[in-house]
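Student: Residues per chain, in single letters:
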Amino acid sequence: MAQRISMAHGEGGELTHELIKNVFMKYFHNQTHARLDAAILPWNSNEIVMTTDSYVVKPIFFPGGDIGKLAITGTVNDLAVSGAKPVAITAGFIIEEGFSIRDLKEIVKSMALEAEHAGVQIIAGDTKVVERGSADGVFINTTGIGQLFEQRLEPDAITEGDTVIISGPVGEHGVAIMSARKELGLITDMTSDCASLHHFIEEVVTNVKGVRVMRDPTRGGLATTLVELCEDFRFDLELEESWIPVPDAVHGACDILGFDPLYLANEGKVVFIVEAEQAKKMMEVIKSHPLGASAQVIGRVKSCDNASGKLYLKTPIGTTRRLFRLSGMLLPRIC
Amino acid sequence: MNKLDLFSDHHLVRQSLAAVIEIAEAFKLEKGRMPVLMEVCGSHTMAFARSGIKQRLMDHVKLIAGPGCPVCVTDQKSIDAMIQLADEPDTILCTFGDMMRVPGSASTLMKAKTEGKDIRVVYSPLESVKIAQQHPDKEVIFLGIGFETTIPILALAIREAEKMELHNFTIWMTTKLVEPVLRELLDAGEVKVDGFLLPGHVSVVLGKTSYDFLMKEYQVPGVISGFEPVQLLTGMYKLIDLLHNQKVDILNDYTHVVKEHGNAVARELLHTYFEFGDEAWRGMNVIPKSGLVLKDQYARFDAKKKFNVAVKEPRKVKCRCGEIIRGLINPEECVLFNKGCTPVHPIGPCMVSSEGTCAAHYQYMREE
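From first to last, the protein sequence lines are chains A and B.
Here full-length UniProt numbering is used: the first residue of the first sequence is 1, the next is one more, and so on.
Here full-length UniProt numbering is used: the first residue of the second sequence is 1, the next is one more, and so on.
The set of hints was computed from the structure by calculation and includes no laboratory data.
We treat Cβ as the ideally placed atom computed from N, Cα and C, and that holds for glycine.
Please note that the accuracy of each hint is not assured.
If you want a taste of the chain A side facing chain B, the calculated C-beta under 7 Å gives, among others [unchecked claim]:
| # | residue |
| --- | --- |
| 1 | Ile256 |
| 2 | Gly258 |
| 3 | Thr319 |
Based on the sequences and whatever the hints tell you, model everything.
Tutor: Below, the structure is given as structure tokens:
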């Protein structure tokens, strides 16, 4: 078998077949579905959830994960925070001519492993090879299908006083990616928080009532994610800056680089907005799970009636300032 | 509690804040006006805005942002020249990220990159030396912007290029020095400042004694300060305390990193490769000996000597970055702020740079 991807691997001929057989099918273990161009799913529910995302992270391998793991966790988490249990995922690869097959195998193995952990099948895929210089190593697109949990989210029931909880410290993925690039001269052993969250989320939503809405604060970070929630569901929210968990290494890296931890990407965190009366119980359930052990209450819904959809941050000195979407900061491409 | 937590501990922050308000009010009672302090450094400007300290002290202390953002003080003509450099054949232009979206008169480095020019964002000038080594058939030019904090790394890059005997690596020097610009501001007398909060990072290289001229020649006090909320507030307290007690002194409130005479190795590097040169500053024209240029024996690493870039006089725009840098107006007083000029569509560099005053106000102090 060739050691590097060539343009011929994308032509659909023998080499394409070899690639599918020796790399994708070998690790994805799904002979039945792979026989057809599309996967036929024996589905009875009419509540199918579907999402898609593309992954172009650089570097491809980073502490705590790689592009393959990220492509699975990202799509799994998008389904999970939408209130659904992931069932199946498709994977599309755009590979640059000259890319190492050894690296591709590592990526695919990592995807397979993460999919197994998450209990989700990779059921279909696509491969395109582009000329050297037309892409940056490998890009992956994943599409996920899921089934709604029995316990439904209630975003329209968000009311004043509802509690905002983050499942753990912010900024770890962003700093891990930046330090993995080495070019920043950051000396940190920070690993990405990259993880599939749906088992954790399912446990939380089935054990506690009153979960209004959830989001995973990926690109744009906690601040951008919450600004979008405020605007989408029309409520004002106030965060307490000193309650937001920020690891020392993230704080230090942000100081050096002039970044704000609230805008750094996370790949294994979830923000919950929960009915105030349920917040205490919710924290107990979240904290009992390894992925939520460092969870914190970080704020509350300030107003809903006639709210203009704004996010505020109360600083430790008692002033309040408005937070906006990530804007104008030159962040390296991180997810 | 580790040191970092201590500097942002909210009980300490509130205590320090109360102390600053108390001493500022005592000053006000005596003078009939607020103390006017200038934070020279762009990182201080960002930290004041982000922490909420500037807003909280608005009625007690007048804080003016100074000329300490390297991108913001770069003259429009220099920016145009740097963008024009990308047109040189077989060239790889390397720059710190902040420069990419800074608007020139007709384009930006980002636009030039999307048009196919080979422009690369690097995080250290040493990285651009490696790129030059990897591409012997190309000319690699690093855009050398920065104050005393950055200039030693430029010297290291030259030293590496020298060791590797590279003939395809140059730096386009547009560096700036703190002392000449502070002298210029004080001599011009346009902005009245009672005291300076002096830049922590630059002082690591220069040392405390480099600011003695403020005390001896201008009778203006200064305090070298760190960047965490408690550090900002204790620095401010010490400065107002000096003013209130009518003492003129330079204090070092960042002693764990800033030494009396600075970093001798870094200064030695500067003196080995560079000498003083006249520099044009945005909004201030040319200030004599306000920058460092390569000595004649290192002229082969000087992009200004190697490449002949002729730039037209930039057209006038309504952007008031020049006045903002000189501490004459707040960003909100510029007609373009948050209207024609935003971080996504900037008109001036103060809105683009991560240390820019307009960016600080836009990101942390605007309501709409």
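Student: Take the hints in turn and mark each one as holding or not.
Tutor: Outcome of the hint check:
1. Ile256: At about 10 Å, which exceeds the 7 Å cut-off, the nearest Cβ of chain B leaves the hint on Ile256(A) violated.
2. Gly258: This hint holds: Gly258(A) lies near chain B, its Cβ roughly 4 Å from the closest one there, short of 7 Å.
3. Thr319: holds (3 Å)
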